[in-house]
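For the sequence shown, position 30 (counting from the first letter as 1) is numbered 31 according to our numbering, and the numbering increases by one without interruption.
Simulated from the structure, these hints should not be mistaken for laboratory data. A couple of the hints might just be wrong.
Capping the alpha-carbon separation at 20 Å, the derived lysine to aspartate or glutamate pairs in DMTMM-like fashion look like this [said to hold, decoys possible]:
| hint | residue 1 | residue 2 |
| --- | --- | --- |
| 1 | Lys155 | Asp112 |
| 2 | Lys155 | Asp186 |
| 3 | Lys155 | Glu62 |
| 4 | Lys155 | Glu187 |
| 5 | Lys155 | Asp119 |
| 6 | Lys155 | Asp106 |
| 7 | Lys155 | Asp107 |
| 8 | Lys155 | Asp173 |
| 9 | Lys155 | Asp167 |
| 10 | Lys155 | Asp89 |
Simulated restraints on C-beta separations [said to hold, decoys possible]:
| hint | residue 1 | residue 2 | range |
| --- | --- | --- | --- |
| 11 | Gly153 | Ala32 | 35 to 45 Å |
| 12 | Gly13 | His88 | 52 to 62 Å |
| 13 | Ala21 | Thr103 | 26 to 36 Å |
| 14 | Ala21 | Arg65 | 51 to 61 Å |
Only a predicted model underlies this, so the values are computations on that prediction, with no experimental measurement involved. Glycine is no exception: its CB is placed at the ideal position from the N, C-alpha and C atoms.
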Amino acid sequence: RELMAQFGAGRGTVREALFALRKMGLVELSAGERAAATRPTAQRVVGELGGAVRQFLATAEGVRQFQEARHLLERALAREAARRATHDQLRELLEACEAHRTARDDATAIDADVAFHDAIARIGGNPLLSALHGASLAWLREQRSTSLRARGAKVAAERAHRRIYDAIAAGDAEAAERAMGGHLDEVAALYWRAAGDTSSAAPHAPSKPRATNAARPARRRPPSDRDAA
Numbered sequence: 002r003e004l005m006a007q008f009g010a011g012r013g014t015v016r017e018a019l020f021a022l023r024k025m026g027l028v029e030l031s032a033g034e035r036a037a038a039t040r041p042t043a044q045r046v047v048g049e050l051g052g053a054v055r056q057f058l059a060t061a062e063g064v065r066q067f068q069e070a071r072h073l074l075e076r077a078l079a080r081e082a083a084r085r086a087t088h089d090q091l092r093e094l095l096e097a098c099e100a101h102r103t104a105r106d107d108a109t110a111i112d113a114d115v116a117f118h119d120a121i122a123r124i125g126g127n128p129l130l131s132a133l134h135g136a137s138l139a140w141l142r143e144q145r146s147t148s149l150r151a152r153g154a155k156v157a158a159e160r161a162h163r164r165i166y167d168a169i170a171a172g173d174a175e176a177a178e179r180a181m182g183g184h185l186d187e188v189a190a191l192y193w194r195a196a197g198d199t200s201s202a203a204p205h206a207p208s209k210p211r212a213t214n215a216a217r218p219a220r221r222r223p224p225s226d227r228d229a230a
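Could you build all of it, start to finish, from the sequences and the hints given here?
Written out as structure tokens, the structure reads:
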């Protein structure tokens, strides 16, 4: 009633406005209670982009641009993971590698692939980046299915995941970034080949990490394959 009086709006208009604000994560509504303002979470903010992004990915140009954005994001995430990964986080990555290697069907392989990339994103500890990456995994699930149909795709991904894992476990940020970039270049090429568009299959130009005088972190003893068993 206060809102109706303040804005000179009808009950239906105010109700629709409150529902819209709830969907945006800005208010919480409970039966018989006053609307309460809330702080939006990273997941809610990113989730609001879902419908628009899926429309964007309905075109070949949209997919190309999204692949480029993913390339930049995941290279940075891999670099950060190499700097921060704990022994337990390395174990989780190794287990995801093994789950992907032993997958016997496409759905299981995709789930393991998603788990591997998601684990890398969470190592950095940034909720917004983690939410953005998690949403991108869902948005690109159809593209993953297409890439997986290409001959040799699963084996190539297994090898790439292992290179990425080895670099992260060694604390080598530059190698982790290069390995991730190479992996995503390969995935993009496989996708466009499977989609029948070889003109888009050229990989990104390889990244050239800037020279740095910072000392490389001490090598961690990574979990072994036996640890993941």
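Outcome of the hint check:
1. Lys155 with Asp112: Answer holds: Lys155 to Asp112 is near 13 Å, not above 20 Å.
2. Lys155 with Asp186: holds, 15 Å
3. Lys155 with Glu62: violated, 25 Å
4. Lys155 with Glu187: Within the cut-off at roughly 11 Å; holds.
5. Lys155 with Asp119: Satisfied, since the Cα-Cα distance of roughly 18 Å is no more than 20 Å.
6. Lys155 with Asp106: holds, 10 Å
7. Lys155 with Asp107: Since the Cα atoms of Lys155 and Asp107 sit roughly 9 Å apart, the hinted pair holds (cutoff 20 Å).
8. Lys155 with Asp173: With a Cα-Cα distance of about 25 Å, the restraint between Lys155 and Asp173 is violated, given a limit of 20 Å.
9. Lys155 with Asp167: Cα-Cα ~18 Å, so holds.
10. Lys155 with Asp89: violated, 26 Å
11. Gly153 with Ala32: 35 to 45 Å: The hint (35 to 45 Å, Cβ to Cβ) is violated, given that Gly153 and Ala32 are roughly 56 Å apart.
12. Gly13 with His88: 52 to 62 Å: holds, 57 Å
13. Ala21 with Thr103: 26 to 36 Å: violated, 46 Å
14. Ala21 with Arg65: 51 to 61 Å: violated, 33 Å
When held up to the earlier numbered hints, the structure conflicts with 3, 8, 10, 11, 13, 14 and fits the remainder.
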